[in-house]
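J.: Given only the sequences and the hints, what does the whole structure look like? Please build it.
2 protein chains.
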Amino acid sequence: MGIDMEDLRKRLKEKGHKMTTQRRVILDAIIENRDEHLTPEEIYDIVKTKYPEIGIATVYRTLQLLEKLNIICRLNFDDGYNRYELNYDSEEEQHHHLICLNCGRVMEVKLDHLKSLEKQIEDENDFKVVDHNVKFFGYCTDCQ
Amino acid sequence: MGIDMEDLRKRLKEKGHKMTTQRRVILDAIIENRDEHLTPEEIYDIVKTKYPEIGIATVYRTLQLLEKLNIICRLNFDDGYNRYELNYDSEEEQHHHLICLNCGRVMEVKLDHLKSLEKQIEDENDFKVVDHNVKFFGYCTDCQ
DNA sequence: TCGATATAGAGACTCTTTGTCAACTATAAG
DNA sequence: CTTATAGTTGACAAAGAGTCTCTATATCGA
Chain R
-8 MGIDMEDLRK
2 RLKEKGHKMT
12 TQRRVILDAI
22 IENRDEHLTP
32 EEIYDIVKTK
42 YPEIGIATVY
52 RTLQLLEKLN
62 IICRLNFDDG
72 YNRYELNYDS
82 EEEQHHHLIC
92 LNCGRVMEVK
102 LDHLKSLEKQ
112 IEDENDFKVV
122 DHNVKFFGYC
132 TDCQ
Chain H
-8 MGIDMEDLRK
2 RLKEKGHKMT
12 TQRRVILDAI
22 IENRDEHLTP
32 EEIYDIVKTK
42 YPEIGIATVY
52 RTLQLLEKLN
62 IICRLNFDDG
72 YNRYELNYDS
82 EEEQHHHLIC
92 LNCGRVMEVK
102 LDHLKSLEKQ
112 IEDENDFKVV
122 DHNVKFFGYC
132 TDCQ
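So the sequences go chain by chain: R and H. Letter 100 of the first sequence, counting from 1, is numbered 91 in this note's numbering, and no numbers are missing. Letter 100 of the second sequence, counting from 1, is numbered 91 in this note's numbering, and no numbers are missing.
Source of the hints: derived by calculation from the structure; they are not laboratory data. Possibly wrong hints are sitting among the right ones.
As the list makes no split between identical chains, a pair holds if one copy fits it or if it spans any two.
Unchecked claim - Listed below are the simulated DSSO-like cross-link pairs for lysine-lysine, each with C-alpha atoms no more than 27 angstroms apart in a straight line:
1) K9 to K126
2) K39 to K110
3) K1 to K110
4) K119 to K9
5) K110 to K126
6) K6 to K59
7) K119 to K4
8) K39 to K119
9) K101 to K1
10) K41 to K110
11) K1 to K59
12) K59 to K126
13) K59 to K39
14) K4 to K41
15) K1 to K119
16) K119 to K59
17) K59 to K101
18) K39 to K126
19) K119 to K106
Just so we're clear, the structure is a prediction, and the values are computed from it rather than from any experiment.
T.: Set out below in structure tokens:
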């Protein structure tokens, strides 16, 4: 799955950053919970079990850094928290989220049609699209 | 365009709420700036010129109420603020937002294709879609 | 191993938003 | 018109997420 620490260390170094124990532990937490969309607070709680001395500020700083380096990306489910997930963009695995209004479960879907939507927007509005954010709210199988 | 105070007063009363001066002034501000997507703070500033005694908490409370009554709806442009706009949903005028990454300008577009996207999602994922949130980030005419 | 430089931790701090509560007011009933 | 009362307001406290500062420490190339 192409996520190993040596590779990540190199990606940090390229930009003049160091691979510290704290960063490694935070990355571990994110990788081990790759199905989740963790908040900084949740990551902090997980990391504290392995590294109790860590500070919440370090978690925030690390997440910002990892986002800037495109290792993770920030999500917004309109629930008042930032959330993060591993970034698979190198593998062209664009996906979007279905958020259940009842149980809060988050599912992922791939939407091929979006490319044509973007094309339509660029043509009709003279707007150069570089990113999008698409979420669907509704009810999952169990909650319908 | 179907937005008059008497109608709004009725919609409040139906749910057991009163039309107060403060609420009227806040609604005025939103209606007069219907092209904007105002933050609570911006609304507070506008309203204070007409009604200096108003408190910021009243603005927040009123916005929450108006959102619950579907008179306005809350937007999230990932800039750290809640924003609000008049809700046109009665007129089936679904629109989405193009957000310029350079100048921050927000444009509105109608996207007809979304219905078929939703259909695709419902069929493929057994997920009942009731709402969606679609934003495109990029560069507007002036900033390309 | 050593030194330059990036990074961590602590905790104060910012900023948006919410809660509390006594005082007030819109509205319906008398 | 007056009153009753339930909803509302304003002031302020405080929550809650996230950021900043400053000094000590760790990383990693030389």
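J.: For every hint, state whether the structure bears it out.
T.: Structure-based check of all given hints:
no.: 1; hint: K9 to K126; verdict: neither (35 angstroms within a copy, 35 angstroms between copies)
no.: 2; hint: K39 to K110; verdict: neither (46 angstroms within a copy, 43 angstroms between copies)
no.: 3; hint: K1 to K110; verdict: neither (36 angstroms within a copy, 43 angstroms between copies)
no.: 4; hint: K119 to K9; verdict: neither (35 angstroms within a copy, 46 angstroms between copies)
no.: 5; hint: K110 to K126; verdict: both (19 angstroms within a copy, 14 angstroms between copies)
no.: 6; hint: K6 to K59; verdict: within (10 angstroms within a copy, 47 angstroms between copies)
no.: 7; hint: K119 to K4; verdict: neither (32 angstroms within a copy, 45 angstroms between copies)
no.: 8; hint: K39 to K119; verdict: neither (43 angstroms within a copy, 38 angstroms between copies)
no.: 9; hint: K101 to K1; verdict: neither (30 angstroms within a copy, 44 angstroms between copies)
no.: 10; hint: K41 to K110; verdict: neither (47 angstroms within a copy, 45 angstroms between copies)
no.: 11; hint: K1 to K59; verdict: within (15 angstroms within a copy, 50 angstroms between copies)
no.: 12; hint: K59 to K126; verdict: both (22 angstroms within a copy, 21 angstroms between copies)
no.: 13; hint: K59 to K39; verdict: within (24 angstroms within a copy, 39 angstroms between copies)
no.: 14; hint: K4 to K41; verdict: within (24 angstroms within a copy, 55 angstroms between copies)
no.: 15; hint: K1 to K119; verdict: neither (32 angstroms within a copy, 43 angstroms between copies)
no.: 16; hint: K119 to K59; verdict: within (22 angstroms within a copy, 35 angstroms between copies)
no.: 17; hint: K59 to K101; verdict: within (24 angstroms within a copy, 32 angstroms between copies)
no.: 18; hint: K39 to K126; verdict: neither (31 angstroms within a copy, 35 angstroms between copies)
no.: 19; hint: K119 to K106; verdict: both (13 angstroms within a copy, 23 angstroms between copies)
Of the numbered hints stated above, those contradicted by the structure are hints 1, 2, 3, 4, 7, 8, 9, 10, 15 and 18, listed in ascending order.
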